[in-house]
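A.B. asks: Please model the complete structure; the sequences and the hints are all you need to start from.
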Amino acid sequence: MSIKTAALAAAVSVVAVSSAMADVKFAFIDPLSGPMGPSGEAGYTSFLLAAEHINANGGVNGEQIEVKGYDNKVNPKESLVQLQKAIDDGVRYIFQGNGSSVAAAIIDAVNKHNQRNPGDEVLFFNYAAVTPDFTNDGCSFWHFRFDAHADMKMAAITDYIQGQDDIKKVYLIGQDYIFGQAVAAAAESQLKEKRPDIEIVGNELHPLAKVKDFTPYIQKIISSGADAVITGNWGADMQLLMKAAAESGSEIPYFTFYGGSLGAVSALGEGAIDRLYQVTEAITNLDASDEQYALIEEYKQRFPEYDYYYHRAFNALNMFKQAAETAGSNDPIPVAFALEGMTYEEPYGTATMRADDHQLQQNLYISTVSKDVKYGVDNIDLGWKLLDGGKIDAAAAEQPTTCQMERPEKP
Amino acid sequence: METIVFALLNGVIYGLLLFMLSSGLTLIFSMMGVLNFAHASFYMLGAYFAFTIMGATSFWIALFLAPVLVGLVGAVVERYGLRRVHANGHVAELLFTFGLAYLIEEIVKIFYGKTAVDYKIPSLLDFPAFTIYGASFPAYRMFMLVIAIGMLIGLWFLLKKTRAGLIIQAALTHPHMVGHLGHNVPLIFMTVFGIGCALAGLAGVIAGNIFVTDPAMAVQMGPIVFVVVVVGGIGSLEGAFLASILIGLLQNFAVGISASFADIFWFTGLSPTSEIGDITVSSLAPVLPFLLLVLMLIFRPRGLMGEQEL
Amino acid sequence: MSDTTQSYQNIAPSGAAKFRQRILPFAVFIAIILLIPLTDPSRTMYALMHQMAIYIVFAVAYNMLLGKGGMLSFGHAVYFGLGGYLCMHAMNWIADGTGIWGSFPTFFLPIIGFVGGGLAAIVIGSFSTKRSGTTFAMISLGVAELIFAGAFMFDSLFGGEQGINGDRMNGPEVFGLSMGPQSDIYWFMAFWTILAVIAMYAFTRTPLGRLSEATRDNPQRVEFIGYNPQRVRWLVFSLSGAFAGLAGGMSAVNYEIFTPEALSLIPSGFVLIMAYVGGITYFVGPIMGAILLTYMSSMMSDFTEAWLLYLGLMFVLIVMYAPRGIAGIIFGIWDGIRGPNAGEMMRKWAVQLAGGLLMLIGLIVLVEVAVRWSNGWGEAFEPFGLHFTHGSIVTWIVIIVPLVAGGYLLRLAGREKEEMPA
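Chains as they are written, first to last, in our numbering: chain A, 1 to 411; chain B, 1 to 310; chain C, 1 to 422.
Do not rely on the hints blindly, as some may be mistaken.
One side of the interface only, derived from the structure: several residues of chain B facing chain A at Cβ under 10 Å [what the hints assert, rightly or not]:
| hint | residue |
| --- | --- |
| 1 | 2 |
| 2 | 7 |
| 3 | 128 |
| 4 | 142 |
| 5 | 143 |
| 6 | 156 |
| 7 | 212 |
| 8 | 214 |
| 9 | 215 |
| 10 | 216 |
| 11 | 217 |
| 12 | 252 |
| 13 | 266 |
| 14 | 277 |
| 15 | 280 |
For each label pair, taking beta carbons as the anchor points, the in silico distance ranges come out as [what the hints assert, rightly or not]:
| hint | chain 1 | residue 1 | chain 2 | residue 2 | range |
| --- | --- | --- | --- | --- | --- |
| 16 | A | 304 | B | 187 | 48 to 54 Å |
| 17 | C | 122 | B | 269 | 30 to 36 Å |
| 18 | C | 35 | B | 179 | 57 to 63 Å |
| 19 | B | 111 | C | 266 | 17 to 23 Å |
Read the hints as simulated data drawn from the structure, not as lab findings. Glycine included, C-beta positions come from ideal geometry on N, C-alpha and C.
C.D. replies: Okay, structure coming up:
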């Protein structure tokens with residue numbers, strides 16, 4: 001019906017053709033319907049394109065790869081049903097990112113599966129679920145995270161706020177589950193340390209993906225007299241929050257993890273300029289090679305409804321390729337050992353998969369919305385522009401870990 | 001103070017919207033004894049039809065055409081579906097509408113996709129109406145208020161001042177008597193069902209763009225509408241009106257209050273870090289309507305203004 | 001006096017009839033369950049069968065309420081979920097190994113689910129079963145939404161968005177089952193399914209089971225003969241909740257996770273559809289419904305995106321045309337074949353079957369073509385090497401002709417029925 005699905009279909013059919021001879025199967029377990037559906041689809045399309053590029057360049061160790069989508073409706077139990085289905089389909093690698101509640105369930109299930117089915121192990125590549133615990137106390141050898149976790153992103157935001165003397169009151173709003181709670185806790189402790197004079201005037205958690213009208217929440221934010229809002233909201237919760245903020249006409253700046261969520265910028269329109277901030281591992285308007293620009297343009301042309309946002313999806317698959325070729329095998333255990341401590345030259349710098357906790361260390365960028373950009377988002381002329389001093393080197397963004405990794409025997 | 005004013009405004013608008021949905025359901029329920037599970041699905045259809053019509057023409061045409069179309073769909077459902085299962089009793093009717101809700105959702109998914117459609121506020125109404133306490137109030141919400149009040153007056157006029165309204169009112173409480181008097185009761189049923197669905201469709205047209213138009217909107221709205229009907233009482237539009245406003249205000253006020261149980265029940269020594277002490281009033285908002293429903297059914301089964309027990 | 005006694009004896013079933021009607025079906029049921037592992041099922045098959053086992057117990061438990069007790073509930077997943085949640089907590093207590101839990105095998109967790117579901121049903125039933133009919137249905141809906149929404153407030157009990165998870169491979173082993181691999185879980189499922197189904201069948205034979213049917217049909221008369229219909233409803237409701245909790249316990253062990261969605265209206269609606277499609281007037285109806293719908297939900301979703309549409313359509317058609325469900329159709333045909341005018345009936349069914357099949361073909365082509373059209377992926381529906389696109393006239397002929405012809409045949413068969421002497 002729409003251009004979006006037509007383009008998606010084109011991609012699906014290309015992958016479907018190659019799937020006949022696919023040797024390495026990846027399951028993409030994320031919402032593909034419901035309120036968070038667009039969020040999952042934006043990730044899925046990124047993986048499809050990344051897989052296509054790898055296959056076009058001869059695959060991995062001579063084998064073709066296939067990414068297949070499994071709709072989990074952001075529900076942990078449904079995700080486990082889909083995980084079982086994927087494993088039965090012969091999948092050895094799992095991608096998931098939307099929802100730390102789901103990621104926690106998958107980590108637990110993958111641990112159990114690998115313990116109960118030796119020789120049939122699966123690896124979980126987490127591309128967006130950023131609750132810090134997964135690479136700290138709750139770490140697992142079978143889990144690799146390709147996105148900076150909440151404490152790292154919050155450190156970037158609080159470093160910036162530290163220099164903004166006119167911010168005296170901060171309001172925290174987030175989704176009521178482990179991720180939202182982790183964001184709120186990180187904001188509270190880091191602000192206390194870096195700017196003890198800042199008063200936290202509100203700490204609100206709302207249900208995940210259920211609120212349709214954020215007007216009452218925005219009302220509370222306005223009446224609290226906040227100078228800035230920090231939120232970890234993503235997907236529809238981010239878009240609708242911005243829709244309500246735009247309606248209210250308030251001019252409070254928002255510091256976000258996922259301001260780049262589909263539709264958030266267009267909901268605010270020009271009101272987003274210098275008012276919406278996000279911290280990410282990349283933005284399209286950074287200086288890059290021609291090759292990278294070509295990739296961004298190809299993605300946009302193939303999937304016009306989405307923007308090149310999930311840069312980490314490309315990183316994750318390319319790092320898999322590099323690891324598998326280093327190990328000389330496409331099997332999970334050798335790949336996992338090869339990934340540990342591996343460095344990868346990504347388009348915007350060097351990324352290292354820290355062996356201690358399987359947390360990718362990469363540069364972070366704080367950006368805000370501007371008109372003066374190469375690539376817009378949401379099909380309008382506004383896009384993300386790097387702040388002055390907004391680049392945070394991987395070393396500066398690094399956080400300590402409490403992980404005690406238990407490893408299987410090295411083959 | 002500003003919290004109260006805004007909660008009041010939003011609460012009344014939400015309440016009127018609920019009334020638009022529940023008035024049709026109350027009419028249908030009182031007259032035919034059918035608790036129409038698919039009623040909220042007609043609300044969803046209204047939003048989707050409006051989205052399509054707006055894409056082809058304009059919002060203003062959609063505002064009139066979409067409810068009419070939804071009403072026609074409703075009349076067809078009554079004529080060829082409900083009337084057939086009527087012979088098998090109320091449980092069969094309930095189950096039929098339950099299955100219908102399922103079916104409509106799936107058909108919508110096939111036609112419009114599984115994710116939300118971009119149903120926008122008409123640009124003519126996309127401006128702030130006024131600003132109070134540093135926050136602006138969108139004109140579209142005022143427009144919703146006007147439409148809802150207009151519907152209220154129209155419905156009141158239809159029921160109280162026209163002959164058809166008199167017959168409908170009589171059929172609400174004494175359908176057999178109306179039949180004996182020579183009126184075509186099945187036709188009345190079909191008309192009322194159609195009008196009820198059209199009202200739900202109208203609610204969908206004006207609410208779909210301010211909330212979200214997606215296939216889940218029926219499931220989310222459905223149970224709340226039941227609450228309104230039961231709390232208001234059978235056969236009582238006034239009751240449904242009171243219940244709608246009550247629930248609209250209740251939910252909007254609850255969200256606006258950040259106080260936790262520990263703050264409210266401080267005298268009991270409840271710790272703010274304990275599980276119960278930590279619950280805030282705003283997180284109670286989604287629970288309140290159902291609490292009201294269960295309490296009402298136990299202690300006053302005829303609802304606020306109903307004349308007979310459920 | 002002696003004459004009447006005589007006649008009662010005459011209509012009582014003979015020993016052979018008792019065996020055929022009561023023992024044989026269960027013997028066959030058990031034999032099938034015991035023989036399945038010999039076919040060496042794949043992991044997918046095991047997963048499917050475990051899901052079926054859970055839903056068989058849940059659907060039969062639900063039917064104690066709807067079929068036998070006449071209580072339509074829109075929130076029975078509450079007891080399934082609360083029982084299951086209690087089992088998840090028990091599973092974690094077993095893992096901690098404190099006190100008595102250290103020696104409790106996970107194999108027997110469904111007992112905990114039974115107790116949990118039962119207790120919850122006793123408490124909630126104490127007020128909800130005071131009423132019947134639509135009021136009861138509404139209370140069940142309200143309670144379900146209340147508990148579902150409230151579950152997100154008590155994270156230590158329900159785990160919030162994330163749910164509660166555990167590991168079933170703890171505690172002592174029984175019957176030499178480690179509870180790890182799927183094949184071990186199969187025996188766990190088989191044990192509890194057989195036990196629960198037999199127990200629920202036995203319940204229908206007890207005086208209380210009989211009374212519950214009487215209360216469904218005519219509560220006033222039950223009162224006249226000295227029983228309290230409210231109390232009967234409460235007892236039946238509590239037992240039904242307990243067996244639902246047992247199914248929840250089976251689910252807890254199978255998935256090792258419970259999330260608040262398990263308490264919501266969606267699983268409640270699904271079990272209602274299962275029981276009704278299978279046929280609520282028969283004991284085996286819900287079993288058939290559970291097997292069919294579980295199969296559809298996991299297998300048909302691989303063939304067609306529109307499987308939920310087919311499911312909804314099937315449900316609506318059964319409500320409209322076959323209120324006794326699939327079991328009713330099967331037993332109707334069975335009785336018809338053995339009845340006096342079998343030839344006449346067979347001819348009518350043949351016409352109906354042909355009409356139904358024709359309409360089905362037209363409908364499937366319509367739905368599948370519509371799905372692909374709306375997806376906009378330019379795909380065509382290609383069954384058996386045929387090629388249907390929404391643009392071609394052939395497609396619409398293939399849709400319309402069978403629909404019209406099938407509809408005509410069904411009308412013909414329907415008219416014949418009216419003409420047949422009563």
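A.B. asks: Determine for every hint whether it applies to the structure shown.
C.D. replies: Evaluated hints:
no.: 1; hint: 2; verdict: holds, 5 Å
no.: 2; hint: 7; verdict: holds, 7 Å
no.: 3; hint: 128; verdict: holds, 6 Å
no.: 4; hint: 142; verdict: violated, 12 Å
no.: 5; hint: 143; verdict: violated, 13 Å
no.: 6; hint: 156; verdict: violated, 28 Å
no.: 7; hint: 212; verdict: holds, 5 Å
no.: 8; hint: 214; verdict: holds, 7 Å
no.: 9; hint: 215; verdict: holds, 8 Å
no.: 10; hint: 216; verdict: holds, 6 Å
no.: 11; hint: 217; verdict: holds, 8 Å
no.: 12; hint: 252; verdict: holds, 6 Å
no.: 13; hint: 266; verdict: violated, 19 Å
no.: 14; hint: 277; verdict: violated, 15 Å
no.: 15; hint: 280; verdict: holds, 9 Å
no.: 16; hint: 304(A) <-> 187(B): 48 to 54 Å; verdict: holds, 50 Å
no.: 17; hint: 122(C) <-> 269(B): 30 to 36 Å; verdict: holds, 31 Å
no.: 18; hint: 35(C) <-> 179(B): 57 to 63 Å; verdict: holds, 60 Å
no.: 19; hint: 111(B) <-> 266(C): 17 to 23 Å; verdict: holds, 22 Å
In this structure, the hints that do not hold are numbers 4, 5, 6, 13, 14, in rising order.
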